[in-house]
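Chains G and R supply the protein sequences, listed in that same order. Under our numbering, read the first sequence as residues 1 to 227, first letter to last. Under our numbering, read the second sequence as residues 1 to 265, first letter to last.
For the record, the hints were derived by calculation from the structure and aren't laboratory data. Where a beta carbon is used, it is the ideal one built from N, C-alpha and C, also for glycine. Treat the hints with care, since some could be wrong.
What the hints assert, rightly or not - One side only, chain R facing chain G, incomplete, derived with CB under 7 angstroms:
id: 1; residue: Ile68
id: 2; residue: Ile72
id: 3; residue: Leu76
id: 4; residue: Phe80
id: 5; residue: Gln148
id: 6; residue: Phe151
id: 7; residue: Phe154
id: 8; residue: Ser166
id: 9; residue: Gln206
id: 10; residue: Gly210
As the list claims (entries may be wrong) - From chain R, some residues computed to sit far from chain G (all C-beta separations above 12 angstroms):
id: 11; residue: Leu139
id: 12; residue: His147
id: 13; residue: Gly261
id: 14; residue: Ser262
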Amino acid sequence: MIAIEHLGFSYALKKTHILKDLNLVINKGDYLSILGENGSGKSTLLKLLLKLLLPTEGQIINDFSKTAYVPQRFESLNVQFPITVYEVLNCYRKSLKIKDKAAITKCLAIVKMGDFANNLIGTLSGGQCQKIFIARALMGNPDLILLDEPSNGVDVTSQTEIYSLLKNINRNQQVTVISVEHNLKAAIHNSTLIYHLYQGAGHLCNPDEYINEYLADNKGGDPYAAL
Amino acid sequence: MLHYSFMQNAFMISLLIAVLCPIIGIFLVLKRYSMIGDTLAHASLAGVSVGLMLHTNPILSAFLLTSIFGVIIEFLRDNFKKYAELILVIILSLSVGIAITIISTGQAHANVDSFLFGSVLTVTRGDFYTVLGLSAVSLITISGLYHQLVFITFDEEGAKIAGLRSKVINYIFSILVAATISVTIRIVGILVMSSLIALPVATALQLNKGFKSTLLYAILFSLVDIIAGIVISYWINAAPGGVTALISVFCLVCTILIKRGSAFI
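Isolated chain G (complex conformation) (with noise of 0.2 angstroms):
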C-alpha cells in the first residue's frame, strides 16, 4: 500500500507551490494512471513517488518491498551507446543481485522480445525499446511497477501490446502500476483508478466516473464514442 498524506512540494527558488495537499490511498493490485495537463505536476509526484524529490510538506508511506521503473524512455535514450539488450538486463541483473540467470530470457519471452538479446538497444525501435524497459522492470519480480508515459514515441500496434502486458500483469499476477499518462483512452481502458492532477490538486476517481466527470461536458452525446 502507498499512503499519501498532506502532500505538498514546491522547489525551493519558487514560491508557488507545485503540489498541493494530495491525500490518495494505492492499494495492492490498483492499476493507477496519473492524468492531467502539462505543468499539472504529474511528473513531481512521480518523482516523490520515486524518492527522486522530497516532499516539502506532508508525507508518502510506501510499504512494498520491491518497485520497479519504467522511464520514459526513447526521447531521452542515447542510440549511439554500445550496449545490447542481454547486456542492459544482465547489468540490471548483477547489480541487484537477481540469482536466477534465465531470469533475463524469461522476462524477454514476457514481452516477446527474446529474439532481440543480442541487438544493440539504439537499433530498437521505440516499441521495443519500451518493452525491454518493461523486461527489464520485470526482473526481481517487483510488487508495484511505476510507468512514465509509457506509450510515447511508440507505435500504434506496439502500445496495444505494452498496455495488453502491463494489464495481465496487474489484474493476473497482482502488480500494483502506476503510470503518469497522456495516453486518455490507454489510462481508461485499462486502469481501475483514475487520478486527475489539476494546478497542483488531484481528485481520485474510477474511469466510469472520469468520464463522467471530465469527458462528457467537453464532448456531448455519448461520451465512450470518442474513445
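Chain R: place on chain G using the hints.
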C-alpha cells in the same frame, strides 16, 4: 632494443597502461566526461610538482592530489548541474596554478619535461612496481564494480531508483581515474594522456558492438597504439607521448575511413 632495462620497464608499464586506460576511458567517454579526464591529467602536474618539491615519489603524489581534485569535481557536480564545464575551469586554474608556482620558483628539484611529454629513458624499476600496484588495485576494483558502473553509465537515474549507491560509486570511480592518470604520466606524459584514455574507445565505438566487445576492441587498439608509439619513438628519438597520440588519431581516422568505405561497397 629490449636488452636495455629501461625499455623492459617501459614495455611492462605500457602493457599495464594499455589495458587500464580504455577500461577507465570507456566509462568516461560514455558518461560524456572525456574532458574531466583531460582536466585531471593536467591537474596531475600539480601532484608531480609537489612530489618533486618534497623529494617524494611523484607518481604517488600525483595520485593523491589528482584523487583529491577528482573528488572535488564529483562534489561540485551537484552545485553546477547546468554548467559542468565551469568545474573544469575551476580545477584547472587551481591545479595548474599550484604547478606553475612551484616550477617557476625552482622548488621542483627535477626536470618536469619528462612528465609533460612522457619518457622511456627515465622509467625505473621502482616506477614499474608503483604502476603495478596502482594498476592491480584499479583493475580489481573495476572488476568488482563492473556491472554497477555499466548500469550507472547507461542509466544513472534508473540506477539510483534501483537502489545503487551511485554517488559512492562515482566517488570511487573518480579515484580510479586519478590512479589511471598517475600510472600513465611516466610513459605517455600529461599533455597527451587523454589520447590514450579516449581515442582507443572512440575507435572501438566505430565498430558498433555491445559494451563488452567495444571494451575488448578498445584494449586491442590501445595496445597497438602504445606499443607502436614506444617502438617508433625509440627509433626516431622522440617523446613517446606525442608519437602514441599521433598513432591513436591515425588508427581512429583509418577506422572511420574503412567504415565509410565499406558502407559504399
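Tell me the hint numbers this structure goes against, listed in increasing order. Numbers 1, 2, 3, 4, 8, 9 and 12, in rising order.
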